[in-house]
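Here the protein sequences line up with chains W and Y, keeping their order. Its first residue numbered 1, the first sequence is counted upward by one per residue in my numbering. Its first residue numbered 1001, the second sequence is counted upward by one per residue in my numbering.
In short, the hints are calculated from the structure, not lab data. All C-beta atoms, glycine included, are put in the ideal place defined by N, C-alpha and C. Be careful, since some hints might not be right.
Claimed, not checked - Only pairs whose alpha carbons sit at most 27 Å apart, straight line, appear in this in silico DSS-like list of lysine-lysine:
1) Y/1196 to W/269
2) W/141 to Y/1264
3) Y/1128 to W/31
4) W/269 to Y/1153
To be verified - Okay, the calculated beta carbon distance ranges per label pair:
5) W/277 to Y/1275: 45 to 51 Å
6) W/390 to Y/1291: 31 to 37 Å
7) W/203 to Y/1147: 47 to 53 Å
8) Y/1269 to W/263: 40 to 46 Å
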Amino acid sequence: MDLAFTNEERAFREEVRQFLRETVPPEMRRKLVEGAQLSKDEMVAWWRILNKKGWCVSQWPKEYGGTGWTSVQQYIFKEELQMYPAPVPLAFGVAMVGPVIYTFGSETQKKHYLPRIANMDDWWCQGFSEPGSGSDLASLKTKAERKGDKYVINGQKTWTTLAQYADMIFCLCRTDPTAKKQAGISFILVNMKSRGITVRPIQTIDGGHEINEVFLDDVEVPVENLVGEENKGWDYAKFLLGNERTGIARVGVSKERLRRIKELASKFKSGGRPVLEDPAFRERLAACEVELKALELTQLRVVADETKHEKGKPNPASSVLKIKGSEIQQTTTELLMEVIGPFAAPYGEHPDSSYEATDWIAQSYFNNRKVSIYGGSNEIQRNIITKAVLGL
Amino acid sequence: MDFELSEEQRLLKEAVDGLLSDGYQFTQRKKYMKETGGWSQDIWRRLAEQGLLGLPFAEVDGGFGLGAVEAMIVMDALGKALVLEPYLATVVISGGFLRHGGSAAQRAEHIPPIIDGRKTFAFAQLEKDSRYDLHDVTTSARKRGQSWVIEGKKFVVINGESADTLVVTARTEGAQRDTAGIGVFLVPSNVKGITKETYPTQDGLRAADITFTGVEVGAHAAIGDPNNALLLIERVVDEARTALCAEAVGAMDESLKITVEYLKTRNQFGVPIGSFQSLQHRVADMFVALEQARSMSMFATMAVDFGDGAERAKTVAAAKMQIGMSGKFIGQQSIQLHGGIGMTMEAKIGHYFKRLAMIENTFGDTRYHLRRVSESGVLV
Ligand SMILES: Cc1cc2nc3c(=O)[nH]c(=O)nc-3n(C[C@H](O)[C@H](O)[C@H](O)COP(=O)(O)OP(=O)(O)OC[C@H]3O[C@@H](n4cnc5c(N)ncnc54)[C@H](O)[C@@H]3O)c2cc1C
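Looking at chain Y on its own, in the form it has when it is part of the complex (with noise of 0.2 Å):
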């Protein structure tokens, strides 16, 4: 067993870490949020010319080739920065599809201008009753001719309203909650029959509900299988949960640090707060929920390649599980360790708090989760 990072991936790492460090404090935040869809595009040239929107791609798509380590180091920068930009939607998800289902033709076109920035696109799955049930669609796909025709309606696309390509979960057949008839769509977003209302979340992203009328895409807009896609879809989705893992970690990871720093220099009755003893072992308790946090993290970054999707889907739910209760803890200690200054928008703790909260209820939460591992048998 090895839980060090290599040569290459520590200079990964300090490649990000600098960037960040460098172009996204708090009040630089505050501007890319104000920016058309919510991010700055001067941050996303920033990303792909330190080849960072390339990475995961295989090197005759133009990328890396690099694995889900260096996903987990990107994304515990990200989730230390409160990254806005739609990194998860474009590289992890929309990527991940494009690298296991798309075909030569489709990875030709589609990842070269992820690679370098030009364009980014938005996962659209989540619909009014599939919760987080990813074979839960109603949205419909029918075959006309040589088209595709998709109607129906998701909601809390992420990146939906500024991305130019959504990745759409479409049903070619069967029932609403059939595991069979799922297809996935590549559909650019300003053609006919695509209405969005756009809106921002609580974490500070931008979202949007869209709407699919009549909208018709060609045959080589289906990603895959179009009849069977749900194994498809589990993989990149469990790829975007350890994603979240990571980006949590960092963002407790920092969310403790912030905290112990104004425990330090907070005084009352004459004392620095962190003297008293009770929050000593409070901060004490969030260090143990984050070190949890940190080893399941990674043992989903290791499971994500697994040939078996059984154990990996398993491992995947224990850590998003382990990261819904640790992120809780921590982002609510944080903001009770802070008093009134916490519960302020002007402090950055508690976007983190914010964001933590968001990410627990991506992709299934901490109840989910439990449930999917109690199902799935043993873990230890």
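Here chain W stands alone, though its shape is the one from the complex (with noise of 0.2 Å):
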């Protein structure tokens, strides 16, 4: 057992570091620290300069243009982009459809689309979840039918992040109404453009946008477009959405929000004296530390014995690391709402220049409540925890 980072991970994170100090434009850093929203175009822009350096897609095989990374290796580089902070390549593509597509998919599927993802020329989204089929996502109703050489699809989907921006949507659509639940569901790759396409945005508790219903009416999709075999998707999204584990924790996420809330907290004042002085509040920073702390060992456990479990499987350690992960978050959301006190309240831009922009606080407290509802709702990871490991 030796717990310590190798040399060579050393160096590598150093590597990543200056990367990221030579690339990232400031003003997008600066947004992220502050909570703002960041354009599609920046975005994009960002990821291209990844991809030219060969990294967006790290995770994946080397000759679909990863980088053979160790999983250690990757998940240094991950907690390093979550840290600095820069944007991380958009899951829908990198995480999930691109390894749907090159374990699953056709060669001309994978000539297509695996460049486009790591380019992002294509901006992925996921049409899993409809307004009858959440947690029960096996029920799922949205269906495809095959007309010649063609489907048509009609359903909706619903709560689709960023489908807004979005050029291509992988959906699970049932092909075979008569065959029970999972059993006749396809994974189907939907041209945002399509006619029939309707995309209607939600908006969330804090303003925001980043959530959408988007509708299918009578959708022409050529049956190219079918990943792996008719009826299968079920275990494709299966593979999807098991895949994600080193990420999932955001372990990097809460490191730097740490980091900001000891900054405000060395501003704002309780008693007269910075917050950060107030003994109660510096043992409640200290709790949310060593939870965050055994995270990162928990989660690195989880990376070391990767090589050793078997790929695609659905490894039960990621319930451990989605459900601590994701309340992590939402306590450094608390303790920042906690440094700023009264002036949580004014929403949108703050009127005085002369103070402290604090709206996307709140805002961030309100937003970071999916984090323990989607992926797998916490109530459903323990369930998995109970079922495939404690065995009741």
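Taking the hints as your guide, dock the two standalone chains into a single complex.
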């Protein structure tokens, strides 16, 4: 057992840091630190820089443009991005549909889509959830009917993150209405510009626009856009959901947030002194740091074990990471609320420019409630642990 | 001991609930939010017609002379309906200053227009570095001849945009954190030297940051002793905290109701999600948190009229702390149990969560009051 990073790993971390210092536009970093929204163009431009370096799809197999890094390196890379902070490559393309395509897709699909994902020529979104099918995803109703060399898709997807930017959506559709739940589902790639697609924005409680409803009315899709075999889509979806383990805990995000908390806590006063000097506050902060350290180590144990674990098989450890990671992210936003106290109230740009902009804090407290809901809610994660690990 | 409402109190509750269930549906609230000042003149008029704006004022001042329990009943109902109108700022806080500290002349001038709904008020107290300490005041009030001249800046003044009159805390002598030398002043919001920057708040109200530059008001503007008003401020703010506790209980009560209803109607895996025991236990815990909050809200309600200021302060601090804890738990869990729907602006549930979060950070958050309780010694 050796819990320290090797010299090579430390050197690698330094290399990543150096690269970020040289390439991340300061304005973009400032926005991320202050919780401001980035534009699509800003993100795409940065991801293209990353791609030029060959790091955009780092975790993919080398033949498709990956780096061949060890899983520890992958972890370090992602953590550095989250901490700097710089936008992590769009998960929907890079971490979700990409691996599905190179694992189960046709040669034509691989040739066409993979380089476009790496270079962000296509912005992907995830069309899984429906109004009636969230936790119980397999009950989904959107159906794709085979008509000659086309599928005709009808139905509705919802909570679709950043569909407003998307060029492509990967959808789970029912292709066999007679089969039992999971059995009749297919994984289909759909161009967002297709006739019959309507995107309606959903405003989140913090006032932001990141999720959408996507309506599909007689949308025609060439059969070549089916991934793998018809009616096997559920297996691919399971693969996709279980595939992401290195970033799920978002340790780097929470580390960055703690740094920001300390910065603000040295400016905002309580009892006439900086909040950071308040022993009770320091204890809360320390408690959060301890939990985060534990999570980081748990994450590293999972990462180190990755090589032994069968690829694509859901690892119940990712449920631990998801639960604790989301809880810690939420705690950091609560600490931020505590730091700014009554100044949590203003919504939108605070008119007084002499005052620290704080409107993003309550908004991120509200918005971060999502992290225990999406990606398999924390209740569902607990069900997985009780069944798959504890055998109850 | 008697936790039951009297017949009159029950009637009052029915009246407020009736008015709000008729006039304050969620869609109506959205409309009111867009009106001038961010609330509805029409609702304000109806509250006046029902006598609700006059509840706490003495009969000699034209009010009904009712007490803390009646205030609790009203605030609870306002919390349930997520009311935007400036009841707290006008009736509870500014009304409180007039009732406890106002001269006969001040009461005669200001109370009738509050009761009949013609005028609203706002409380300008928070400063950049004061956080929750009521004695931390840099805004100054200096005597010039017969007048007071006010200089300084106040932040996040709820209803500051549309209030006719501001109740302003200002230092007449001493240093920033001295307990002595603080006064309370009535300042018409349209006098020279006042500038306002207005904005919406996270929970859908409207607020203003207000700068006072050489604002001149008459000698009669001071409520109570201009050099020693901290006790008055503490008393009124304790009443405000108590009112917020009742409002929060109303909001929690409604959140739980909506959530339980959702658990009965939302199906996943072919059954209502309310059939999952983990969720049943969660709403049971929410119920426990609600009842704990309700008890402490009642406790604070009983205590605001205590003669002993220290005893009152401690009780109210304990209540505000409990409300903070319960409100956070109920607010967060009600979003969680709604899943994606809970995250949307379109669903009402999220608005309770946001209001509860803002209540927590008003006049002292959970940590602040925890410290006050621990410093004040024994509670039980
Ligand atoms: C901000 C945001 C972004 C999202 N982005 C996307 C996206 O891009 N693409 C996409 O496809 N989806 C997306 N989702 C959807 C997300 O995956 C679902 O919200 C999630 O699966 C929960 O489903 P639901 O909202 O229907 O809630 P429900 O499944 O109705 O759950 C409601 C509550 O019941 C609980 N529950 C359900 N079943 C059980 C059970 N068996 N035992 C115990 N408790 C249970 C849940 O944990 C939750 O608390 C997003 C969601 C959010 C909030």
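Results of checking the hints against the structure:
About 24 Å separates the Cα atoms of residue 1196 of chain Y and residue 269 of chain W, which keeps this hinted pair within 27 Å; it holds. Under the criterion of a C-alpha separation no larger than 27 Å, the hint pairing residue 141 of chain W with residue 1264 of chain Y is consistent with the structure, at around 22 Å. The hinted pair formed by residue 1128 of chain Y and residue 31 of chain W meets the criterion: a straight-line CA distance of about 24 Å does not exceed 27 Å. Only pairs whose Cα atoms come within 27 Å are accepted, and residue 269 of chain W paired with residue 1153 of chain Y is accepted, the gap being roughly 17 Å.
The supplied range of 45 to 51 Å is met by residue 277 of chain W and residue 1275 of chain Y, whose beta-carbon atoms lie about 50 Å from each other. The supplied range of 31 to 37 Å is met by residue 390 of chain W and residue 1291 of chain Y, whose beta-carbon atoms lie about 32 Å from each other. Between residue 203 of chain W and residue 1147 of chain Y the beta carbon distance is about 49 Å. The supplied range of 47 to 53 Å therefore holds. Taking the beta carbon of each, residue 1269 of chain Y and residue 263 of chain W are about 45 Å apart, inside 40 to 46 Å as hinted.
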